[in-house]
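Colleague: Below are the chains, spelled out letter by letter.
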Amino acid sequence: MKKIFLIIFIAIIAITTYGQNTSLVYVDGWVDIRSAGELFEAFPGDSLRAGDSVITGSDSYAELEQKNLSSIFVEPDSIFTIREMEGSSGKETVLSTTVGSVSFKFGKLFGIEPIIATPSMVAGIRGTELTVYAGEDGSTLIAVDSGLVTVESQGVSVDLVKDEGVEVLPGEVPGEKFSLLGREMDFASWNAEKYESLIADPETGLKHMGNQLDGFITEIVILDNLLTELKMEKEYIKKEWQKILDEQGKEQGKAFFNKNVHPLDLKTGPLFLNIRYYSLSSLSFRRFILGGLYLDMKARYIMDVNNNEYQKFLSMYEDVMNSFEESVVPFLDANDI
Amino acid sequence: MYKKIVLVLTVFALVMIISSCGALLGNSIEERVQQFEIDLNGSRSSIIENFSSDCGNYNAMNIATYWSDNTSVFDDDYKTFNIVIPSDPAETFTTTYSDNAGGPYNIKFYLVNEGDFFSGDNWKIRTIWVDDSVQIN
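Protein chains in written order, with our numbering: chain A, 1399 to 1735; chain B, 17 to 153.
These aren't lab readings, by the way, just hints derived from the structure by calculation.
Mixed in with the good hints there might be a few duds.
Unchecked claim - Simulated pairs of lysine-lysine, BS3-like, Cα-Cα distance not exceeding 30 Å: (1) A/Lys1648 <-> B/Lys95; (2) B/Lys20 <-> A/Lys1657; (3) A/Lys1665 <-> B/Lys140; (4) B/Lys95 <-> A/Lys1629; (5) B/Lys124 <-> A/Lys1665; (6) A/Lys1637 <-> B/Lys140; (7) A/Lys1648 <-> B/Lys124; (8) A/Lys1652 <-> B/Lys124; (9) A/Lys1636 <-> B/Lys95; (10) A/Lys1636 <-> B/Lys19; (11) B/Lys95 <-> A/Lys1665; (12) B/Lys95 <-> B/Lys124; (13) B/Lys95 <-> A/Lys1641.
Stated by the list, open to error - Listing some non-contacts, in silico: residues in chain B with all C-beta distances to chain A over 10 Å: (14) Ala76; (15) Thr87; (16) Asp147; (17) Val150.
As the list claims (entries may be wrong) - Stretches of chain B that chain A covers, calculated by requiring three or more beta carbons in the stretch to come under 8 Å of a beta carbon on chain A: (18) 88-98; (19) 111-121.
Note that the coordinates shown come from a computational prediction; the quantities given were computed from them, not determined experimentally.
Idealized CB from N, CA, C, for every residue including glycine.
Modelling step: build the complete structure from the supplied sequences, incorporating the hints.
Modeller: Here's what the structure looks like:
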């Protein structure tokens, strides 16, 4: 009986220590560990797993040790993260310094060297962490925490790596990418600034929004034309199939179907879903971005409905809405609204 | 003491009743794929319920025309669909299906368990590949 308990105890220890290669050996001041999206105060003896970050403040410091005798010194005002990536020889540990200063001392017994990542050396990392800020004016700000992200708008792509960001105005190509280091991301002020410039010139803002919607509509039209062509081809081939079924029997019909109709079906399904994707994106844009601007403008000019600028805005808004009704609504149904 | 025992037993019985009711509502992987097949061959009005709302295409396919129109490999005209469901399938498994028009085709399912302690297993379809081509994701 005692043996069973011993085996269970050893098994529990083995399970709980599995994967814990790095531990905190010294902490000076207040140091945080960010694990699974939550912050914890760090204490000596805490273990770190892949994905965990050590965050030091302006007057704190931490030392880490790995089982293979390497030491890591995290200086004040730094963010240090242990990551894992798939390398040519399997999983590789990445010791990543997001910001600040970190020193490394590797022991003699160290086997496979880990990868030391800096903000300019992360393209190879698999998996991506990014933050998307969507502003009330339809602008988007993307900030990448790790991995490689390709941002595309209006047919132009920008590759972002760790600690890079880019802003995309509605209906425009992505702007110049920028570094996130030393830049505090404050969504509230970014969003307020964007909306203020929109309200200062609603006609230009609406023009950009119209371009964005036109971008969605163009995709819908291209895909719908393709789908219509494929469906016509399918109908034509199905008639031939019916003829073969009648004249040559079920087995011949089946062989003809597998070879000629089924490949078309494999293409039409995803095409239809892509059309729906762009239609739903348009609906969301119309509802939350265009709709929000329309309501705000209506409230602002409630006492001055004949104002020239407001009337111009309304006329432009009607054109955008007509385009939406004509090209997007046919692909929507009650479930979407 | 007697009252405490009754109270503990009552709570235990309630938990058992709730969890067993939930378990009746849930679905194993096998049952989910069977239900999908039944819905494909039936009215299709509730077919969306076989899918996880985590599917990227969930909203896109939540429209009657996708299931009733001659748009996909699951064309309504091809009834009856017959999916060969292996016993005790894994969360990702490949099998074959045929329909009234042709086949057999390779079909691969990836399911996720959306159940919890009270509902029991409730597997939902997350991705479907047909002949290595992603059809629903």
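Colleague: Against this structure, judge whether each hint is valid.
Modeller: Here's how the hints hold up against the structure:
1. A/Lys1648 <-> B/Lys95: The hint holds at about 15 Å.
2. B/Lys20 <-> A/Lys1657: violated, 71 Å
3. A/Lys1665 <-> B/Lys140: holds, 24 Å
4. B/Lys95 <-> A/Lys1629: holds, 19 Å
5. B/Lys124 <-> A/Lys1665: Holds, at roughly 17 Å.
6. A/Lys1637 <-> B/Lys140: Answer violated: A/Lys1637 to B/Lys140 is near 36 Å, above 30 Å.
7. A/Lys1648 <-> B/Lys124: holds, 26 Å
8. A/Lys1652 <-> B/Lys124: holds, 22 Å
9. A/Lys1636 <-> B/Lys95: Holds, because 15 Å separates the two Cα atoms, which is no more than 30 Å.
10. A/Lys1636 <-> B/Lys19: Violated, at roughly 74 Å.
11. B/Lys95 <-> A/Lys1665: Satisfied, since the Cα-Cα distance of roughly 19 Å is no more than 30 Å.
12. B/Lys95 <-> B/Lys124: holds, 19 Å
13. B/Lys95 <-> A/Lys1641: Answer holds: B/Lys95 to A/Lys1641 is near 19 Å, not above 30 Å.
14. Ala76: violated, 4 Å
15. Thr87: violated, 5 Å
16. Asp147: violated, 6 Å
17. Val150: violated, 7 Å
18. 88-98: Holds: 4 residues of the segment 88-98 of chain B have a Cβ under 8 Å from chain A.
19. 111-121: holds (count 4)
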